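Here is how the chains run, residue by residue.
Protein chains: 2
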Amino acid sequence: MCVRCIAKARTAGRAVQALLQGWQAPAGACRTARCFSSLPEPAVDAPARPNELEGKVAHPSLLNEDLLKAQYAVRGELYMKAMELQKAGKELIFTNVGNPQQLGQLPIKFNREVTSLVVAPFLLDHPAVASLYPKDVIERARKLNKMFGGAVGAYTDSRGNAGVRQEVADFIKRRDGYPSNPEHIFLTDGASVAVRLLLNALIRDSNDHILVPIPQYPLYSASIQLYGGTLLGYNLKEQTGWSMDFNEITRSVNEARNRGACVRGMVFINPGNPTGQCLTEDNLRDLVKFAHQEKVVLMADEVYQPNIYQDEKPFVSAKKVLGDLGVPYSNSVELASFHTVSKGVLGECGLRGGYVELTNFHPGTIDELYKAVSINLSPNTVGQVAMSLMVNPPQPGQESYEQWKKEHDEGLASLRRRAHAMTDGFNSLEGVTCTFTEGAMYSFPRLHLPPKAIAAAKAAGKPADTFYCLQLLEETGIVTVPGSGFGQEEGTFHLRTTILPPEEKIQDFVKLFQDFHKKFMAKYA
Amino acid sequence: MCVRCIAKARTAGRAVQALLQGWQAPAGACRTARCFSSLPEPAVDAPARPNELEGKVAHPSLLNEDLLKAQYAVRGELYMKAMELQKAGKELIFTNVGNPQQLGQLPIKFNREVTSLVVAPFLLDHPAVASLYPKDVIERARKLNKMFGGAVGAYTDSRGNAGVRQEVADFIKRRDGYPSNPEHIFLTDGASVAVRLLLNALIRDSNDHILVPIPQYPLYSASIQLYGGTLLGYNLKEQTGWSMDFNEITRSVNEARNRGACVRGMVFINPGNPTGQCLTEDNLRDLVKFAHQEKVVLMADEVYQPNIYQDEKPFVSAKKVLGDLGVPYSNSVELASFHTVSKGVLGECGLRGGYVELTNFHPGTIDELYKAVSINLSPNTVGQVAMSLMVNPPQPGQESYEQWKKEHDEGLASLRRRAHAMTDGFNSLEGVTCTFTEGAMYSFPRLHLPPKAIAAAKAAGKPADTFYCLQLLEETGIVTVPGSGFGQEEGTFHLRTTILPPEEKIQDFVKLFQDFHKKFMAKYA
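Sequence order for the protein chains is D and A. The first sequence begins at 37 in my numbering and counts up by one. The second sequence begins at 37 in my numbering and counts up by one.
There could be a bad hint or two in this list.
The list treats identical chains as one, so a pair stands whether inside a single copy or across any two.
Stated by the list, open to error - Cut-off 20 Å, straight-line C-alpha distance, at most; resulting in silico cross-link-like pairs (EDC-like, lysine to aspartate or glutamate):
1) K407 <-> E510
2) K349 <-> E291
3) K117 <-> E101
4) K547 <-> E435
5) K92 <-> E175
6) K554 <-> D172
7) K331 <-> D544
8) K547 <-> E526
9) K331 <-> E291
10) K442 <-> D193
11) K331 <-> E88
12) K123 <-> E175
13) K554 <-> D322
14) K407 <-> D460
15) K182 <-> E127
16) K126 <-> D544
17) K356 <-> D206
18) K407 <-> D544
Just so you know, these hints were derived from the structure itself, not from any lab. Computed from a predicted model, the values in this text were never measured in an experiment.
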């Protein structure tokens with residue numbers, strides 16, 4: 037870690053010592069530490085760090101400082117409190133994580149039937165197999181079993197099975213109309229792992245900055261910290277539906293660069309998490325042009341691409357916009373696009389299947405990333421199977437198609453109705469405003485809290501939204517994440533809930549929330 | 037990353053500048069950079085790093101240096117060459133990774149039957165379910181389905197499902213006779229992830245050293261480099277069956293500490309990878325006492341604990357020895373023990389299920405590790421199910437027991453026969469000596485190569501064992517890993533093969549090897 041810094045410190049240390057001993061710099065020498073590298077190494081005064089505290093080598097004060105500094109709000113104070121209450125027997129409603137099946141969403145049957153046979157391929161030859169599984173399920177399982185060489189129990193290539201990567205490339209081509217190279221696709225244990233892979237490679241030291249929207253998904257802030265980089269936030273404008281302001285972003289990048297910062301990458305989340313906005317093609321063109329002009333790697337968090345709840349702004353991928361813009365954008369902007377099986381109507385969070393597609397990346401960099409993923413040997417195979425089934429659903433005419441289509445369409449329609457119910461519920465409250473959830477899985481209402489509540493929070497040593505969310509949790513059992521965990525404009529307060537409570541319970545959920553809110557507002561009026 | 041180093045470099049830089057400008061250190065000032073921290077910050081001469089090369093921000097020369105420096109031999113030059121040959125149509129025998137099912141080992145049927153129902157829980161109520169699955173399989177699947185709240189598609193707690201963690205704790209208690217706390221067990225996507233979690237937390241900068249056996253498993257060298265630490269190797273003595281020499285280890289630790297190094301952790305691998313030796317209780321007692329005396333965190337890579345091929349040295353866990361030794365060892369030595377579903381007779385590499393048990397760790401450190409794993413949300417659930425089934429096999433009297441026992445015992449017996457066949461095959465060769473594979477999955481023969489071969493390798497710019505393994509690959513299709521990838525005593529040459537080729541083919545495999553070796557030796561005689 038930071039070998040150059042250490043070398044620099046050592047060299048500078050040598051220089052200090054030499055100067056103290058009366059050494060004179062040659063005339064005209066520049067005044068950087070580098071010029072002193074030929075000087076003798078000074079004696080070490082003391083070991084740099086203690087190795088033990090209170091009898092513990094792995095004492096929490098003696099761990100990797102970047103790990104200690106990393107914050108992860110989704111499972112932060114609120115979550116810990118929730119765990120404590122759950123242990124004590126309190127019934128909780130978890131809306132803190134986009135975890136659909138935890139709240140009763142059923143998996144897509146076809147996908148699980150196929151998976152059921154892929155993990156037990158010997159059943160394919162069982163005489164009774166057709167009594168339990170539809171014909172196209174058996175066929176698909178046979179095909180997948182062959183693709184995995186008959187052995188989902190074996191490590192695959194570290195980038196994932198070549199057949200599945202080809203299927204993903206075909207899916208991307210169908211979606212965008214532009215070719216996709218399976219050699220530039222990495223399958224991972226969920227998209228988070230892919231995001232972290234990229235950040236870890238891009239970030240060299242704390243001078244390397246990554247542009248991240250504020251509010252943001254804490255995966256970014258936590259990982260950037262963990263890899264020793266610096267998050268450079270750009271505010272989304274709540275008053276215009278969480279839009280991007282490129283004038284402000286450019287200003288912020290210039291200011292950072294004037295400070296000597298290296299701005300390496302830019303994250304955007306479309307549809308937005310936690311903010312739920314969808315980007316238009318115009319927005320995406322601006323983004324691509326910005327990345328080209330400012331020379332940053334574009335990290336497109338597109339994991340919510342199937343979760344769209346309005347018709348005006350359908351999902352458009354950054355890859356498609358890149359292609360539409362043509363040269364010089366299409367052949368130069370370095371784009372990493374992330375997708376997952378955890379979201380959409382699938383909601384297969386537990387299976388951990390994700391991918392990243394790399395466009396315009398240097399082949400040597402792809403080799404380095406390949407090496408990096410090789411250290412963990414292989415992504416899990418069942419997640420890869422889930423990915424294959426996501427990008428290749430049953431087709432019209434196949435036995436499972438009607439059932440699949442029904443589950444898919446009803447699932448999406450239900451999410452759309454819930455997005456409306458949730459946003460409407462929040463907007464009906466005094467002191468709450470909530471941008472419509474155009475996509476993704478979250479509502480991010482703004483809480484206009486009374487001064488007394490803010491003062492009480494301050495007295496309790498907590499951000500005012502954390503203070504609110506803790507009371508909400510204790511009184512109603514609803515687990516949310518305070519806006520302060522995502523970052524938000526100074527002086528504003530928010531919370532994030534998912535829109536995932538089951539449809540038959542969503543009105544009760546909204547009612548529970550409303551009752552609490554009224555009481556809270558009255559208490560601190 | 038390395039915030040302190042940067043601060044130190046800056047402070048030292050200021051001091052250099054101040055001294056150049058004629059500033060005098062106060063009388064009696066100590067000569068460390070720290071004393072200069074109140075001096076004004078010098079102007080930045082140039083931005084620390086370029087952001088772009090050949091039009092690429094993510095240019096391979098501009099990535100994280102620790103990533104660039106990390107080597108991962110198991111999928112290194114040999115593997116890349118193998119991939120190239122495979123693409124060109126050459127038939128290969130992969131003995132480079134311990135990946136049993138890739139070479140035809142069948143999964144344990146009971147485990148896969150249960151998994152098949154757990155991923156499709158709706159089948160549990162299907163009228164035909166009993167025609168395909170034994171009764172105890174259905175029961176076990178019901179139990180696991182309940183344990184996962186009916187939803188293996190949901191994220192679990194970031195440490196893994198609480199029920200599975202309890203089962204692992206019970207397994208450890210049965211194995212060792214000492215209690216195990218499920219709150220100190222983390223389930224992970226394979227043991228590699230758990231190892232990396234610990235290394236990432238322990239290592240703060242390049243002055244933090246981790247003791248690792250030489251030869252070692254490259255996961256350690258690659259991860260320590262990736263996290264910016266320093267590997268401090270200790271040689272295993274080949275002439276005494278790859279034994280540990282504590283005099284030498286102590287000498288090496290003292291020497292490193294005299295250089296100012298912080299020695300934070302000590303890895304050992306039992307049974308050994310790539311070396312195949314098993315540690316005795318005496319060895320383990322020495323290890324625990326050493327860790328206590330020298331204050332290092334003990335990292336026990338015990339993933340091959342079921343793979344034992346002799347009766348003299350059964351597997352004994354470090355946790356048991358810790359307990360047997362009693363106070364002060366049992367209540368102070370910080371021990372992390374790793375295990376997996378990928379090895380043993382299961383060989384479920386593709387499912388990615390592992391765990392780490394932390395003993396005597398500070399509660400605050402366990403919290404920090406919990407936070408770290410939370411950033412990835414959840415280990416995959418099917419790997420957790422595989423772990424549950426590994427620690428809880430069918431019991432006598434249950435319908436699947438006899439079948440399970442037969443598969444288990446025959447699998448282990450076959451591995452034992454193959455360990456013998458492989459070692460005997462190598463020892464029958466002129467210029468090859470091979471320590472018996474007492475455990476794990478590998479043979480690590482020493483190649484006594486003729487001077488002409490060494491010279492030819494040198495001329496080709498390759499370590500002599502890489503040179504040998506490349507020719508072996510090209511002529512026979514056998515994929516191995518050269519000893520240089522694991523580290524080895526200077527001037528010795530080895531290679532690693534697994535003992536996993538199917539039993540009916542192992543004599544052919546040995547013959548293929550022998551023929552090549554004779555030709556190679558004749559060529560360079």
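Discussion item. I want to check one pair: K356 and D206. Are their C-alpha atoms no more than 20 Å apart within a copy, between two copies, both, or neither?
Written reply: within (14 Å within a copy, 53 Å between copies)
Worksheet entry | Same-copy or cross-copy closeness of K547 to E526 [CA-CA at most 20 Å] | Classified as neither; 30 Å inside a copy, 73 Å across copies.
Worksheet entry | Homomeric proximity label, K442 with D193: Cα distance no greater than 20 Å | Neither: 35 Å inside a copy, 31 Å across copies.
Worksheet item: Is it within, between, both, or neither for K349 and E291, if the alpha carbons may be no more than 20 Å apart?
Response: Intra 33 Å, inter 65 Å, cutoff 20 Å: neither.
Item to complete: Up to 20 Å between alpha-carbons, please classify K547 paired with E435: within, between, both or neither.
Response: neither (42 Å within a copy, 51 Å between copies)
Worksheet item: Checking K123 and E175: alpha-carbon separation at most 20 Å within a copy, between copies, both or neither?
Response: neither (45 Å within a copy, 27 Å between copies)
Practice prompt. Up to 20 Å between alpha-carbons, please classify K407 paired with E510: within, between, both or neither.
Written response: Answer is neither: 47 Å inside a copy and 23 Å across each miss the 20 Å cutoff.
Worksheet item: Quick one: K407 to D460, C-alpha cut-off 20 Å, is that within a copy, between copies, both, or neither?
Response: neither (49 Å within a copy, 34 Å between copies)
Item to complete: Go through the copies and call it for K92 and E175: within, between, both or neither, with a Cα cutoff of 20 Å.
Response: Close neither inside one copy (56 Å) nor across copies (44 Å); limit 20 Å.
Worksheet item: Between K554 and D322, at a C-alpha cutoff of 20 Å, which is it: within one copy, between copies, both, or neither?
Response: neither (42 Å within a copy, 65 Å between copies)
Worksheet entry | 20 Å Cα threshold - placement of E101 relative to K117 | So K117 and E101 fail the 20 Å test inside a copy (25 Å) and across (40 Å) alike.
Worksheet item: Given identical chains, is K331 near E291, meaning Cα to Cα at most 20 Å, within a copy, between copies, both, or neither?
Response: Cα proximity of K331 and E291: one copy only (15 Å, versus 47 Å across).
In summary, the numbered hints that this structure violates are 1, 2, 3, 4, 5, 6, 7, 8, 10, 12, 13, 14, 18.
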